[in-house]
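Novice: Protein chains in written order, with the working numbering: chain A, 1 to 113; chain B, 114 to 227.
Because the hints were derived from the structure by calculation, they are not lab data. Where is the CB? At the ideal position from N, CA and C, for every residue including glycine. Be aware that a few hints might be false.
Covered stretches of chain B (in silico footprint by chain A; criterion: 3 or more residues with CB under 8 Å from a CB of chain A, positions within the stretch not fixed) [claimed, not checked]:
#	region
1	148–160
2	213–221
Below, a list of computed lysine-lysine pairs in the DSS-like style, where the Cα atoms sit at most 25 Å apart [as the list claims (entries may be wrong)]:
#	chain 1	residue 1	chain 2	residue 2
3	B	Lys191	B	Lys181
4	A	Lys100	B	Lys191
5	B	Lys191	A	Lys49
6	A	Lys100	B	Lys137
The following residues of chain B were derived to be distant from chain A, with all beta-carbon distances above 12 Å [as the list claims (entries may be wrong)]:
#	residue
7	Gly172
8	Phe178
9	Lys181
10	Pro183
11	Gln193
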Amino acid sequence: AQSVTQPDIHITVSEGASLELRCNYSYGATPYLFWYVQSPGQGLQLLLKYFSGDTLVQGIKGFEAEFKRSQSSFNLRKPSVHWSDAAEYFCAVAYSSASKIIFGSGTRLSIRP
Amino acid sequence: DAGVIQSPRHEVTEMGQEVTLRCKPISGHDYLFWYRQTMMRGLELLIYFNNNVPIDDSGMPEDRFSAKMPNASFSTLKIQPSEPRDSAVYFCASSSGTSGRGQFFGPGTRLTVL
Chain A
1 AQSVTQPDIH
11 ITVSEGASLE
21 LRCNYSYGAT
31 PYLFWYVQSP
41 GQGLQLLLKY
51 FSGDTLVQGI
61 KGFEAEFKRS
71 QSSFNLRKPS
81 VHWSDAAEYF
91 CAVAYSSASK
101 IIFGSGTRLS
111 IRP
Chain B
114 DAGVIQSPRH
124 EVTEMGQEVT
134 LRCKPISGHD
144 YLFWYRQTMM
154 RGLELLIYFN
164 NNVPIDDSGM
174 PEDRFSAKMP
184 NASFSTLKIQ
194 PSEPRDSAVY
204 FCASSSGTSG
214 RGQFFGPGTR
224 LTVL
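If we strip away everything but chain B, and leave its shape as in the complex, we get (with noise of 0.2 Å):
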C-alpha cells in the first residue's frame, strides 16, 4: 500500500494568494483527517471526515481556510486569501472504520507564506 499521499510537499507563496493543499487517504479508508502543526500551537485537528462528510470542522481557525472530500480518494485544504501565520506543516491521516485502530499519517505539506 502506498499510504497517504499529499501534495505538494513543500509550498512557498506570498501573503494573499491562495493555496490548495491535496491528500489521498489509504485505499478502503473512511475516515479522513486534517492537522495542522507548528512549534508554537503544536499538533492541530482541523477538520475531518467520515464517508466523504465533514463531521467536525471546529478546528478550522476561520473562513480563509476550506476543505473538501469530492469522493473516497482524495481531499483538498485550501487556504484564501493566505497569511504569514498559516505557515505551518498540514497532516492529512486516515483511518479504517474507527479512530481505535489509529490513524494513518502522510508525510505533511511544509507551507511557508511569505
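Just chain A, with the same shape it has in the complex (with noise of 0.2 Å):
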C-alpha cells in the first residue's frame, strides 16, 4: 500500500542550529513529493514539491529537502532554524498525476530559545 512515515513525532532543536525532518515512502514509479508546514490555528501551507529533475529542491522559508531514491526518502532541511519554524511539518506523497495526496503523521518542531 502507498504510504509515507514520518518516524519523529516531535523535535526540539534549539535557534540558530540545523534541522533535518525525516520523511520515507513505499516504493512507487515517480512519486510525486511535497512538504507542507503548519502553524498553531492555520491551515497547511506548501514549503516545497518535487517530481523530477534536480534532487536537490528548495523551497520557501529558506528549506530545501532532498529526495533520494535509493532510500525511498524526502528529508527536508534548514541550515538554521528561527523561532518562526515552529510549527507541524507534514511530507506528503501521490503516485500519479492525478491521484489523491497521501499525507504523513507529521513532526511538531519546538525551537529552544
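Work from the hints to combine the two standalone chains into their complex.
Specialist: Here it is as C-alpha cells:
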C-alpha cells in the first residue's frame, strides 16, 4: 500500500541550529513529493515539491529537501532555524499525476531559545 | 489571489444539529478536497472532486456526512445529525490540473459539537 512515514513525532532544536526532518515513502514509480508546514491555528502551506529533475529542491522560508530514490527518502533541511519555524511539518506523496495526496502523520518542531 | 476561503472559521453546535461547512476554491482550480484533522487520527481525506464531480468519497465516515459541489467556485460539507465525535478541524484544499502541482489549503473550520 502507498504510504509515507515520518518517524519523528516531536523534535526540539535550538534557535540557529540546523534542522533535518525525516520522511520515507513506500516504493512507487515517479512519486510526487511534498513538504507542508502548519502553524498553530492555520491551514497547511506548501513549502516545496519534487517530481523530476534536480534531486535537491529549494522551497520557501529557506527550506530545502533532497530526494534519494535509493533510500525512498525525502528529508527536509534548514541550515539555521528561527523561532518562527516552530510548527507542524507534513511530508506527502502522490503516485500519479491525478491521484490524491497521501500525508504523513507529521513532525512537531519546537525551537529552544 | 485570495486563496481558498472557508466559512465559518469556528462553529459550535449541539449534538443532533445540522452543520454546513463552506468552501470557495482558488479560481481556475479544478480539484477540490475536503479533509478532517484530529489529534487522534491526524489528517484524513474525506472526499475529493474533479470538475465538480465527486471522484472518491471513500473517506467519508458515514451517511451522516455529505458533500456537494454545485459549481466550480463553491462546495459544501454537511453533517446531519452532528455528534460530539465529529469535533475536529475541517480543511478544504484545491489544486490545478493534478495533485502533482500540490494542493492549496484553506484556513480550516474548527467544529465543536457539544
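Novice: Hints first: check each against the structure and report whether it holds.
Specialist: We went through each hint and held it up to the structure:
With a cut-off of 8 Å between beta carbons, the region 148–160 of chain B has 3 residues touching chain A; three or more are needed, and the interface restraint holds. For the region 213–221 of chain B, the stated coverage by chain A holds: 9 residues have a C-beta nearer than 8 Å to a C-beta of that chain, and at least 3 were required. In summary, the hint linking Lys191 (chain B) to Lys181 (chain B) is supported, as the alpha carbons are separated by about 9 Å, within the 25 Å threshold. Restraint check for Lys100 (chain A) and Lys191 (chain B): the C-alpha separation of about 22 Å stays at or below 25 Å, so the hint holds.
In summary, the hint linking Lys191 (chain B) to Lys49 (chain A) is not supported, as the alpha carbons are separated by about 32 Å, beyond the 25 Å threshold. The straight-line distance between the Cα atoms of Lys100 (chain A) and Lys137 (chain B) is roughly 19 Å, inside the 25 Å bound, and the hint therefore holds. A beta-carbon of chain A is positioned within 12 Å of the beta-carbon of Gly172 (chain B); the least distance is around 9 Å. Non-interface status of Phe178 (chain B) relative to chain A is upheld: no Cβ of that chain comes within 12 Å, the nearest being about 17 Å off.
Distance check on Lys181 (chain B): its Cβ is at least 19 Å (rounded) from any Cβ of chain A, clearing the 12 Å threshold; non-interface status holds. Under the 12 Å C-beta cut-off, the non-interface status given to Pro183 (chain B) relative to chain A holds; the minimum distance is some 22 Å. Non-interface status of Gln193 (chain B) relative to chain A is upheld: no Cβ of that chain comes within 12 Å, the nearest being about 25 Å off.
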